[in-house]
Amino acid sequence: MNRLDRKQMAARVAQDIPEGAYVNLGIGLPTMIANFLPADREILLQSENGLLGMGPAPSPGDEDWELINAGKQAVTLLAGGSFFHHGDSFAMMRGGHIDICVLGAFQVSILGDIANWHSGAPGAIPAVGGAMDLAIGAKQTFVMMDLLTKQGQSKLVPSCSLPLTGLGCVSRLYTDVAVFNLGPEGVRVVETVDGVTIDMLRNLTGIALVSQ
Numbered sequence: 001m002n003r004l005d006r007k008q009m010a011a012r013v014a015q016d017i018p019e020g021a022y023v024n025l026g027i028g029l030p031t032m033i034a035n036f037l038p039a040d041r042e043i044l045l046q047s048e049n050g051l052l053g054m055g056p057a058p059s060p061g062d063e064d065w066e067l068i069n070a071g072k073q074a075v076t077l078l079a080g081g082s083f084f085h086h087g088d089s090f091a092m093m094r095g096g097h098i099d100i101c102v103l104g105a106f107q108v109s110i111l112g113d114i115a116n117w118h119s120g121a122p123g124a125i126p127a128v129g130g131a132m133d134l135a136i137g138a139k140q141t142f143v144m145m146d147l148l149t150k151q152g153q154s155k156l157v158p159s160c161s162l163p164l165t166g167l168g169c170v171s172r173l174y175t176d177v178a179v180f181n182l183g184p185e186g187v188r189v190v191e192t193v194d195g196v197t198i199d200m201l202r203n204l205t206g207i208a209l210v211s212q
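Here my numbering is used: the first residue of the sequence shown is 1, the next is one more, and so on.
Take the hints with a grain of salt, since some may be wrong.
Claimed, not checked - Listed next, the in silico DSBU-like pairs over lysine-lysine satisfying Cα-Cα at most 35 Å (straight line):
#, residue 1, residue 2
1, K155, K139
2, K7, K150
3, K150, K139
4, K7, K155
5, K139, K7
6, K150, K72
7, K72, K139
In short, the hints are calculated from the structure, not lab data.
Please read all numbers here as calculations on a predicted model, not as lab measurements.
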């Protein structure tokens, strides 16, 4: 089955971020989106450790380790960018000042619930970070993840079995095989990778998916 690689997934999400949006990119896969934002759009990236106006990743050898994102990756700062106290950053997130956050996840339910801070594996280190604040504080919450686990189980599920991060907050799910909208009317397939059909997705997920 055809799948998008991680760069292609990041580029796909970047297409849907509109001009003028204030956006937070979660740790992991979502941080790659910064490298694919359209050059003709002004999009302001915020990081929970206190940055606004982040640019793409620096070229190898040009890293300034005084400038990092929440995942401790080196970043750049665009002209007009700023950095500020961690508490002020969380006030932005909790106060509804972020238009879109893009998070990774272990599971997303058909109701838009998200589980992304604990894998459930014995000995796994919990990593809540700012995900709970973002999930309910951002005006829109998107998730970017592979559709299946390494064991072949769907991460889009009827109900999350892992510890929850937020309830009913995810409106769009970007995966390596399809893009889904989540809402009261059910899970709608927005688009699929070439060669992937809705019936294939229904078999993979066990969910009664609806075409857009």
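Against the structure, the hints:
A hinted pair counts as satisfied when its Cα atoms are at most 35 Å apart, and K155 with K139 qualifies at roughly 23 Å. Restraint check: the Cα-Cα separation between K7 and K150 comes to about 19 Å, which is no more than 35 Å; the hinted pair holds. Proximity of K150 to K139 is assessed by CA-CA distance (about 31 Å); at most 35 Å being required, the pair is judged to hold. Distance hint between K7 and K155 is fulfilled; the C-alpha atoms sit about 20 Å from each other, no more than 35 Å.
Between K139 and K7 the alpha-carbon distance is near 25 Å, which keeps this suggested pair within the 35 Å criterion. Of the supplied pair hints, the one linking K150 and K72 holds, its CA atoms being roughly 26 Å apart against a limit of 35 Å. Using a Cα cut-off of 35 Å, the hinted pair K72 and K139 holds, with the two alpha carbons roughly 25 Å apart.
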